[in-house]
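Enquirer: Below are the chains, spelled out letter by letter.
2 protein chains.
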Amino acid sequence: MACELCGEPKGELLHQDDKLRVLLVDEAGYPGFCRVIWRGHVAEMTDLDAADRAHLMDWVYRVEAALRTVMRPAKINLASLGNMVPHLHWHVIPRFADDAHFPSPIWAAPRRDGADHGRPGLAEALRAALAA
Amino acid sequence: MACELCGEPKGELLHQDDKLRVLLVDEAGYPGFCRVIWRGHVAEMTDLDAADRAHLMDWVYRVEAALRTVMRPAKINLASLGNMVPHLHWHVIPRFADDAHFPSPIWAAPRRDGADHGRPGLAEALRAALAA
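In order, the protein sequence lines correspond to chains X and D. Here the working numbering is used: the first residue of the first sequence is 25, the next is one more, and so on. Here the working numbering is used: the first residue of the second sequence is 25, the next is one more, and so on.
Just to be clear, a hint being listed does not mean it is correct.
[Unchecked claim] Footprint (simulated), chain D over chain X, 3 or more residues, beta carbon under 8 Å:
1. 60-70
2. 92-101
3. 107-113
4. 128-134
Everything labelled a hint here was simulated from the structure, so no lab data went into it. Glycine included, every Cβ here is placed at the ideal spot set by N, Cα and C.
Required output: the full structure, derived from the provided sequences and hints.
Expert: This is how it looks when you write it as structure tokens:
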């Protein structure tokens, strides 16, 4: 079966290099939700060597910093799960006190209709923050 | 209000140093669930300097490796959320195809009564794997 993260994953490309891609994805209620996707088809962080792990996390931190600068969220959530698609990827999720699930994880039952923290030009603003 | 992670967090201590603690916690249905808890009261990875981030993740990876060796899970889940307790900590969770939520995140609605992957001596086995 083809792995959906081995091809061209859906989302707005914010950065790519020979090891990974950073995408702004379209998750309902969660503008600013980014994924950092390793190009190689490996499942776990401990399947990578130390240099590759450091490179991947460096980009997770860059995305976290860009999201904090651009969106001023209440909290950043980081997660590498991969139970459905066991191809290494990180979710980097800006959370707000009035989003649909806060303070629960976004995978829990919603608590309310979430406020909309999206805005035009978000991808461009994140790209600029990542480049800064 | 006192932060519950600034004191002596509940759980079986597997490792500690001057920067962090590794605890095996008692989460129903999830034997092997570990937390790596930073000692300082900071909220986000990007609140730490690069050396501290690397030290924290080094222990997350050590715990992941120990869990893989000892428990042979289908997948490792890593998450730093902190929406309820904004004091930096990582969940390191061994997942099995017959656990209560797989392949959903453990915070989603359960799919079944989960199988029990616990066993006597788990803490000792994890300590030995961490020391190896």
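Enquirer: Against each hint, give a clear statement of whether it holds in the structure.
Expert: For each hint, the structure was consulted:
Note: the segment 60-70 of chain X has 4 residues with beta-carbon separation from chain D under 8 Å; the three-residue rule is met and the coverage holds. For the segment 92-101 of chain X, the assignment as covered by chain D holds, since 5 residues bring a beta-carbon within under 8 Å of that chain's beta-carbons and 3 suffice. For a cut-off of 8 Å, the count of residues in the segment 107-113 of chain X with a CB near a CB of chain D stands at 3, and the three-residue condition holds. Chain D is given as covering the segment 128-134 of chain X, and this holds because 5 residues of the stretch bring a CB closer than 8 Å to a CB of that chain, at least three being needed.
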